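K.L.:
Heads up: the protein sequence lines correspond to chains A and B, in order. Take any residue in the first sequence, count from 1 to its spot, add 1043: that is its number in my numbering. Take any residue in the second sequence, count from 1 to its spot, add 3: that is its number in my numbering.
The set of hints was computed from the structure by calculation and includes no laboratory data. Please read these numbers as outputs of a predicted model, since none were measured by experiment. Among the hints, erroneous ones may be present.
Beyond 10 Å from chain B on every Cβ pair, some chain A residues (computed) [said to hold, decoys possible]:
#1 THR1051
#2 GLN1067
#3 ARG1092
#4 LEU1123
#5 LEU1163
#6 ASP1177
#7 LYS1218
#8 GLY1230
#9 THR1236
#10 VAL1257
#11 SER1266
Simulated pairs of lysine-lysine, DSS-like, Cα-Cα distance not exceeding 30 Å [to be verified]:
#12 A:LYS1251 x A:LYS1083
#13 A:LYS1218 x A:LYS1201
#14 B:LYS33 x B:LYS172
#15 A:LYS1173 x A:LYS1250
#16 A:LYS1173 x B:LYS105
#17 A:LYS1218 x B:LYS33
#18 A:LYS1173 x A:LYS1218
#19 A:LYS1250 x A:LYS1261
#20 A:LYS1173 x B:LYS124
#21 B:LYS105 x B:LYS129
#22 A:LYS1083 x A:LYS1049
#23 B:LYS146 x A:LYS1173
Facing chain B, a subset of chain A residues (Cβ under 8 Å, in silico) [to be verified]:
#24 SER1045
#25 GLY1157
#26 TYR1158
#27 PHE1171
Heads up, the beta-carbon is just placed ideally off N, CA and C, and yes, glycines get one too.
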Amino acid sequence: MSDKIKFTMDGVEIEATQGQTIMQAADEAGIYIPRLCAHKDLLPFGSCRVCTVMVNDRPQAACTQPVSPGMAVDSETPELNDIRRSIVEMLFVEGNHYCAFCEKSGNCELQALGYRLGMLAPRYPYMFNKHDVDASHPDIYIDHNRCILCGRCVRSSKELDGKNVFQFVGRGIHKRVAFNSDTDLSGTDVSVTDRAIENCPVGAILKKRSAYAVPIGKRKYDSQPIGSDIESRKAAVKQS
Amino acid sequence: MAKPKIATASLAGCFGCHMSLLDIDDRILKLVELVDFDKSPVDDIKKFTGRCAVGLIEGGCCNEENVHNLQYFRENCDILISVGECAIMGGIPAMRNNIPLKECLDEAYLNGPTVYNPSGKIPGDKELPLILDRVYPCHEVVKMDYYLPGCPPPADLLWQALVALLENKPMDLPYEVIKYD
Chain A
1044 MSDKIKFTMD GVEIEATQGQ TIMQAADEAG IYIPRLCAHK DLLPFGSCRV
1094 CTVMVNDRPQ AACTQPVSPG MAVDSETPEL NDIRRSIVEM LFVEGNHYCA
1144 FCEKSGNCEL QALGYRLGML APRYPYMFNK HDVDASHPDI YIDHNRCILC
1194 GRCVRSSKEL DGKNVFQFVG RGIHKRVAFN SDTDLSGTDV SVTDRAIENC
1244 PVGAILKKRS AYAVPIGKRK YDSQPIGSDI ESRKAAVKQS
Chain B
4 MAKPKIATAS LAGCFGCHMS LLDIDDRILK LVELVDFDKS PVDDIKKFTG
54 RCAVGLIEGG CCNEENVHNL QYFRENCDIL ISVGECAIMG GIPAMRNNIP
104 LKECLDEAYL NGPTVYNPSG KIPGDKELPL ILDRVYPCHE VVKMDYYLPG
154 CPPPADLLWQ ALVALLENKP MDLPYEVIKY D
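Next comes chain A alone, as it looks inside the complex:
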């Protein structure tokens, strides 16, 4: 028996493998669903809700929802993209995101989603919350002003690095990333080569002495919207 199933994305029929999530199937078909906490090497987490799609007219996170035969998924609709943009805007007003001098600018997934979803200014008032910076480690620093609590560092450290360096503490507006250490970041067994460092989508966890290496105009999202790599597969999928 074949484990291939069919469902529709925005009215177009797509083939998927039983057991895949909607996001995995869409990626293979060359259809990009916006996302922040999802990462291809990490287990689905379903926390940021940017990848929300309508499955048979009900909202579901595309990164956690498995495909099933005949389901009708809507993703690229004005309503969903407005909801996605509003999530991105909430993240922008909750943290302190000064793109102008951030080392991650141009390679930042939050910023790139703002570009792709057409954010010019957030609809919500800026909060200007106070957050700390921990630069105690010789090779790494963490700036909580830029943290969007996606949990990629927490999960990467556990799932990919075999460590347990990061963990969430607090609830609601007080939630933040903390370290498995009695002192500060320098008291952990984190290493500059950890996947937890490179998987941060924003400029919250950065390697020291590596800033501004790529000139403006040549950075990852300067001329290509986020998701272009996935969408370029679409042509290949059609040809095959």
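Given chain A's structure and the hints, the job is docking chain B onto it.
P.N.:
Same frame as chain A, but now just chain B:
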């Protein structure tokens, strides 16, 4: 028919956005054909001489003079545009927003390592505009009609947006020109 008028202001900004406007190079000759400049640092006109089609605002509001100026622009401009990150989100000046105002003033005028201030007082002359408790983005003070992000916004963005507005065409701005840095 008289040319439409535009006005510009730099509130709590660095004039970088105005520099970017000058960066349109020889298109500035076309701009002069398209519009007349009213109140603006470009021509040093201090008071509005008439109704303006477009007002370009650089910088957010860090003191009462900024607020009055912004309200003055809102009263006299049909379309008011936040230009650059400071107008949109406060920018670099807004880095003081999570530090109490007294701490900022004490550091600047009393306790900073390079401060020379024999009076031992924080400046409080009536001529000085009163500083606000924090820096406010323009759209949290008055209604803004459009936003042109960037630090500074590229000359191409300012040019294309202005021309679209003046020619009454939709703003069809390419991906490359809308950046937050």
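K.L.:
Now tell me, hint by hint, if it's right for this structure.
P.N.:
Hint check results:
Every Cβ of chain B is farther than 10 Å from the Cβ of A:THR1051; the closest lies at roughly 28 Å, confirming the non-interface assignment. At roughly 27 Å, the least C-beta separation between A:GLN1067 and chain B is larger than 10 Å, which holds for a residue marked as non-interface. Every C-beta of chain B lies more than 10 Å from that of A:ARG1092, the closest at about 22 Å, which supports listing it as non-interface. Here A:LEU1123 stays apart from chain B, with its beta-carbon at least about 20 Å from theirs, past the 10 Å limit.
At the 10 Å boundary, the C-beta of A:LEU1163 falls inside the reach of chain B, the nearest C-beta of that chain being 4 Å off. Every CB of chain B is more than 10 Å from the CB of A:ASP1177 (nearest about 17 Å), matching its label as outside the interface. Against chain B, the non-interface label of A:LYS1218 holds: every CB pair exceeds 10 Å, the least being about 18 Å. Against the 10 Å criterion, A:GLY1230 stays outside the reach of chain B, whose nearest CB is about 26 Å from its own CB.
Every CB of chain B is more than 10 Å from the CB of A:THR1236 (nearest about 28 Å), matching its label as outside the interface. Its beta-carbon lying about 13 Å from the closest one in chain B, A:VAL1257 satisfies the requirement of being farther than 10 Å from that chain. Non-interface status of A:SER1266 relative to chain B is broken: a Cβ of that chain comes within 10 Å, the nearest being about 5 Å off. Taking the CA atoms of A:LYS1251 and A:LYS1083, the gap is near 26 Å; set against the 30 Å cutoff, the hint holds.
Restraint check for A:LYS1218 and A:LYS1201: satisfied, since their Cα atoms lie roughly 19 Å apart, inside the 30 Å limit. Distance hint between B:LYS33 and B:LYS172 is fulfilled; the C-alpha atoms sit about 17 Å from each other, no more than 30 Å. Note on A:LYS1173 and A:LYS1250: the hinted pairing holds, with a Cα-Cα distance of about 23 Å set against a maximum of 30 Å. A hinted pair counts as satisfied when its Cα atoms are at most 30 Å apart, and A:LYS1173 with B:LYS105 qualifies at roughly 16 Å.
For the hint linking A:LYS1218 to B:LYS33, the alpha-carbon distance of about 53 Å lies beyond 30 Å, and the restraint is violated. About 13 Å separates the Cα atoms of A:LYS1173 and A:LYS1218, which keeps this hinted pair within 30 Å; it holds. Distance hint between A:LYS1250 and A:LYS1261 is fulfilled; the C-alpha atoms sit about 20 Å from each other, no more than 30 Å. Among the hinted pairs, A:LYS1173 with B:LYS124 is consistent with the structure: their alpha-carbon atoms are about 28 Å apart, no more than 30 Å.
With a CA separation close to 18 Å, the supplied pair B:LYS105 and B:LYS129 stays within the 30 Å bound. For the hint linking A:LYS1083 to A:LYS1049, the alpha-carbon distance of about 22 Å falls within 30 Å, and the restraint holds. As the CA atoms of B:LYS146 and A:LYS1173 are separated by approximately 27 Å, the hinted pair is consistent with the 30 Å bound. With a cut of 8 Å, the hint placing A:SER1045 at the interface with chain B is violated, because the nearest CB-to-CB distance is about 40 Å.
Given the 8 Å rule on beta carbons, the hint for A:GLY1157 holds: about 7 Å separates it from the nearest Cβ of chain B. Interface restraint check: A:TYR1158 against chain B, minimum CB-CB distance 6 Å, threshold 8 Å, status holds. At a threshold of 8 Å, the smallest CB-CB gap from A:PHE1171 to chain B is about 4 Å, leaving the interface hint in force.
Checked against the numbered hints above, the structure breaks hints 5, 11, 17, 24 and satisfies the rest.
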